[in-house]
Every structure is written in structure tokens, then in C-alpha cells.
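K.L.:
Using the hints provided, position chain B relative to the given structure of chain A.
Each chain is listed here by its residues.
There are 2 protein chains.
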Amino acid sequence: MVRIAACQLSLNIEDTEYCVSQALDSISKAISNNAEIIVLPELSTSGYCFQNISEVQTSSQSIGGEFVVKCVQLAKENDVVIVVGMNIENDSKYWNASIVIDNSGVVGWYAKAHLFGDEGKFFTPGEKAPLVVNTSKGRIATMICYDIEFSEWVRLAMLQGAQLLALPTNWPEIGQTKTSPPMEVIRVQAAASQNKMVIAAADRCTTERGQNWVSSSVITNFEGVIEALADSTINSKTQIIYAEVELPMDTSITDKNDVRKDRRPSLYSSILDK
Amino acid sequence: MVRIAACQLSLNIEDTEYCVSQALDSISKAISNNAEIIVLPELSTSGYCFQNISEVQTSSQSIGGEFVVKCVQLAKENDVVIVVGMNIENDSKYWNASIVIDNSGVVGWYAKAHLFGDEGKFFTPGEKAPLVVNTSKGRIATMICYDIEFSEWVRLAMLQGAQLLALPTNWPEIGQTKTSPPMEVIRVQAAASQNKMVIAAADRCTTERGQNWVSSSVITNFEGVIEALADSTINSKTQIIYAEVELPMDTSITDKNDVRKDRRPSLYSSILDK
Numbered sequence: 013m014v015r016i017a018a019c020q021l022s023l024n025i026e027d028t029e030y031c032v033s034q035a036l037d038s039i040s041k042a043i044s045n046n047a048e049i050i051v052l053p054e055l056s057t058s059g060y061c062f063q064n065i066s067e068v069q070t071s072s073q074s075i076g077g078e079f080v081v082k083c084v085q086l087a088k089e090n091d092v093v094i095v096v097g098m099n100i101e102n103d104s105k106y107w108n109a110s111i112v113i114d115n116s117g118v119v120g121w122y123a124k125a126h127l128f129g130d131e132g133k134f135f136t137p138g139e140k141a142p143l144v145v146n147t148s149k150g151r152i153a154t155m156i157c158y159d160i161e162f163s164e165w166v167r168l169a170m171l172q173g174a175q176l177l178a179l180p181t182n183w184p185e186i187g188q189t190k191t192s193p194p195m196e197v198i199r200v201q202a203a204a205s206q207n208k209m210v211i212a213a214a215d216r217c218t219t220e221r222g223q224n225w226v227s228s229s230v231i232t233n234f235e236g237v238i239e240a241l242a243d244s245t246i247n248s249k250t251q252i253i254y255a256e257v258e259l260p261m262d263t264s265i266t267d268k269n270d271v272r273k274d275r276r277p278s279l280y281s282s283i284l285d286k
Numbered sequence: 013m014v015r016i017a018a019c020q021l022s023l024n025i026e027d028t029e030y031c032v033s034q035a036l037d038s039i040s041k042a043i044s045n046n047a048e049i050i051v052l053p054e055l056s057t058s059g060y061c062f063q064n065i066s067e068v069q070t071s072s073q074s075i076g077g078e079f080v081v082k083c084v085q086l087a088k089e090n091d092v093v094i095v096v097g098m099n100i101e102n103d104s105k106y107w108n109a110s111i112v113i114d115n116s117g118v119v120g121w122y123a124k125a126h127l128f129g130d131e132g133k134f135f136t137p138g139e140k141a142p143l144v145v146n147t148s149k150g151r152i153a154t155m156i157c158y159d160i161e162f163s164e165w166v167r168l169a170m171l172q173g174a175q176l177l178a179l180p181t182n183w184p185e186i187g188q189t190k191t192s193p194p195m196e197v198i199r200v201q202a203a204a205s206q207n208k209m210v211i212a213a214a215d216r217c218t219t220e221r222g223q224n225w226v227s228s229s230v231i232t233n234f235e236g237v238i239e240a241l242a243d244s245t246i247n248s249k250t251q252i253i254y255a256e257v258e259l260p261m262d263t264s265i266t267d268k269n270d271v272r273k274d275r276r277p278s279l280y281s282s283i284l285d286k
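Chains as they are written, first to last, in the working numbering: chain A, 13 to 286; chain B, 13 to 286.
One chain only, chain A, in its complex shape (with noise of 0.2 Å):
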């Protein structure tokens, strides 16, 4: 079993002190909580609501920055693994990234490869695979909000082993019909089931220059089964959600079925990529 922490956060670009601090602070108290492995919101350390790319380059950080090295520390300490979604400027461009860092240090970085709304304005799209990599929490996978309505997306970190998928998120409020959970969480539950793998979504809260959010932090287990979901009202507020499941050590669901070796992949690719 290990303890999972998804810190639900209030954003906004224009208190970006404000959004590390908290960021930070969200990682001691779970920390403080007995969590093992700790996931943060999409853009935990900036906001969303970019009106220029200025506000994006001075809201960005780099890996080997002052907030990154604090999580390093927070890991080393304390031997967690700890996922955060950031505005991370590398090689002179500007990515809507998450990092994954264990008692290791940085185990490596992934730039959101399916861009919604007007993001495509301030981030490059990302052009590899979702990360999956060890820590010493278990076979970690990330990729950030939209990316995880494509179904192939968690396909590919499935593929590669992942045994838990760490979603950043920043879930807006566009209009969706409301059903209790929110449709961002059954797809969550959804992904986690057909792939069998524990997934755990951090999102955000609070109003941002007049945009809402569905703010439904939420983690499964390997079946897709909601073990905490957080106060989701359009909005919410900050809280960190916790809970303690299994990693799943296969992808068996019955004695004679497995998601994954039941695949049928030549019959998928010829048509899949049109």
C-alpha cells in the first residue's frame, strides 16, 4: 500500500509568490500527513490565465531553479516522490510540464503534448510519449489535464508499465453539463479501470480572472474506484486529499483476461492513425 496526496490549490497568475509559497507549503503538510507520493496541480507555480507571453516568461521556472531544488530537498528528507505541475522555461521555450522527483532528485520532466483552449498561444506543444519512470514509490507515469481524454495517451503509459498516473490538472468550467462526479472524474475512473492502474488527479480551485473550475481532485484505485474525491463544488477551495491503495503488480482482471495482452494492436494501427 502506499499513501497518495493530491493538493487541490487556489491559482492565479497574478499572485505568482503566493502560488509557490502554497505550492510548497501544500508538500510539507502532506508530508506531514504520512503521504508517500504528493501531486500538484497543472501550472501549480504560476496560474493559468495568461493574457501575454510576458506573464508566462516571468512566471516560468527552470529545473535546476530555486523551487525545484526545494522540492528535491522536501524528497530527499523525506523520501517521497513528489509530481508538480509547473510553467517550466527550457532550451529558450515555454512548456506546460509536469516533474517527477524522488529521493533521487529530478527523475525527469513531460511537456503536455494535447494543448486546450489558447494555451498553444504560450506553450510549445509537447512532442514526446507521457513519462514513465521508477522512483522509489513505484512505476510513475504523468501527463496534464486534456491530455487524459485521449484514450491512447494513458494507452501509452500503460504500454510502458506505469503502475499509477500522477494528472496534474486545471479542469475548467466551459459549460459541461454538472453530474455528481463530474464527467472529468468518471474519465479519470474510466482510464484507471481499462488500464488498470491507480491514477491520481490534482486540481485546482478558485475563481481565476472570472474563469471557474470543476475542482474535483480525485484519486482511484487500480479498478477505477473512487477511494477520495475532493469537496467539488464549482470553485471549491484548497484541501489535500489522501489515500492509501495498491499498486497493481499486472494487468490481469480475471484468470483469463488481461487489459493488456488482450489488446488486439495489428487490428488498431492501419486505421487508428487517419
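There's no promise every hint is true.
Identical chains share a label here; the pair holds if one copy fits it or two copies do between them.
What the hints assert, rightly or not - Cross-link-like lysine-lysine pairs, in silico, PhoX-like; alpha carbons within 25 Å at most: (1) Lys88 / Lys249; (2) Lys41 / Lys149; (3) Lys41 / Lys88; (4) Lys41 / Lys133; (5) Lys268 / Lys140; (6) Lys149 / Lys268; (7) Lys140 / Lys88.
No lab work stands behind these hints, which were simulated from the structure alone.
Keep in mind the model is a prediction, meaning the values are calculated, not measured.
P.N.:
Chain B in isolation, oriented as in the chain A frame:
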């Protein structure tokens, strides 16, 4: 708007005569309740729990056989679309099939590609993509039960322009954690939402040779929102659920995003088929 019926039927290999008459009666009843698209469960005319190949042979139907002829007659007389899961004998092989019929006759049939449990002992696995056909009531896809857990397969239906997926199913109770709605329904909701298509799943009910069933027929709109759900206690009872839904005209989800156009197939192909 189109009015859809999903018929949840009591199936039993030990009384195939009843299965056949019940299937026809349920179609007539759905017609009398103004249904325009009528979906029946997997293996509606035979039952599911075969013990030997002889039972498969004696309970099979041909495409030109009496049952299909009666369905065609009902479809022509009433201008409805009928999708039936059935045991089809064709080319001296047995197929766990789904047949699509409209006012023009048999539009096509599909053989289940992802066989579950012991099905491979009795049926030849299909080698063709999900069937997607134009009917008098819209562009309709069909696949069967376990197929829908393969998100690649639902994508193939979407990529072929399906507006509605008709899913004959026999969802077994195999010790999965009970959720409300069942995880089988949650997977249907996510598939609808991620592919912007209506889904009508017709499940079966009542114990068969000691096997229990989820018994949770469901119709969702193209956002994945449940529009009709069977009274779905385990094994449940015979019933027809109805919903009037709008068929999608495209795959857009906002003015800037589209679940089909936002795919990045060049990133999927190389890795997906490992």
C-alpha cells in the same frame, strides 16, 4: 432527436426458443413505445453460458434465417433500426456477432474482436474494425461487450464518423467492486464523452447456469451523461429503457477544441503497437 430503446432481456442457453421469441417481442414492444433505434443484448437469441460446441451450433442463426427475416420485416414495416447481438453461423464458423438492420434490410454485421473468458472456445474472433454504417436513423457503430474496454476500438468507431454506438452486452458479475453506477456504466459514459458519440448499451439479466450479471443497460448522450439507466441490481429483471437524444453533428467540444482534430496520431502509432 431520436428515440432509442435498449432492451434488457433474460437469456438462457437452456431455453433458446424463449430467447428468440422474447427478442422479437421486445422489438415489437419498443416499436409500440415509439422507439426508432432498438438495441438488444449480446447473444440475444441463444444465451451465453455454453458448455460445449454442440450448444453453439444448435443455437446459431444464419444471416438469412427466420429470426433475421422477421427483424427485417419489423424494421421495414415500422421504419426502425434494430441492432441485435446474436450467435451467427457463417462460412461454417460461429461468430459472437451484432447485426444492424434498417428499413432497407440487413445493413451489415460485426463479429466481436475481443473475446472474453471462454468465448474463444466457441467463437471465431472477428478480424474487422467496428462496423460503422449509415442507416435511416443516423450513422451507427456497433461492437460487443468487452470490445468497449479497448479504447482503441471506440476510437475506430469515432474515426469512421459514428454518431451512435450500439453495444449489445452481457456484463458478467465477476467479483468486481460494486459502485453506483457500476464501473461498466462509467466506462460507457467516458467512451461517449471522449468520442462525442451517443452510446446505447443493452445488457442482459437473470442468472444463467449459476452466472450472475451486472444487468445495467444504459443510454448516454454524446457528453456521456446518463439519459436512461436500467434498474440495475445484480441479475435484475427484463425491462426496456428509453431515451430521446440528439445525435452529434461533429466532434467539437468547444469553439477551439475537437476530440477528433486534437488527436496527435503521429505520436501514437510508433509506440501503441508494441
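K.L.:
Checking Lys140 and Lys88: alpha-carbon separation at most 25 Å within a copy, between copies, both or neither?
P.N.:
Answer is neither; intra-copy 27 Å and inter-copy 52 Å both fail.
K.L.:
Within, between, both or neither: how does the pair Lys88, Lys249 come out at a Cα-Cα threshold of 25 Å?
P.N.:
This pair counts as neither: shortest intra-copy Cα distance 29 Å, inter-copy 57 Å.
K.L.:
When Cα atoms must be at most 25 Å apart, do Lys268 and Lys140 count as within-copy, between-copy, both, or neither?
P.N.:
Intra 33 Å, inter 23 Å, cutoff 25 Å: inter-copy only.
K.L.:
Could you figure out if Lys41 and Lys133 sit no more than 25 Å apart (CA to CA) within one copy, between two copies, both or neither?
P.N.:
This pair counts as neither: shortest intra-copy Cα distance 35 Å, inter-copy 55 Å.
K.L.:
Evaluate Lys149 and Lys268 at a C-alpha cut-off of 25 Å and name the case that applies: within, between, both or neither.
P.N.:
neither (29 Å within a copy, 38 Å between copies)
K.L.:
Treating 25 Å as the Cα threshold, decide for Lys41 and Lys88: within, between, both or neither.
P.N.:
within (16 Å within a copy, 67 Å between copies)
K.L.:
When no copy is named, should Lys41 and Lys149 be tagged within, between, both, or neither for a Cα gap of at most 25 Å?
P.N.:
within (19 Å within a copy, 56 Å between copies)
Consistency note: the structure conflicts with the earlier hints numbered 1, 4, 6 and 7.
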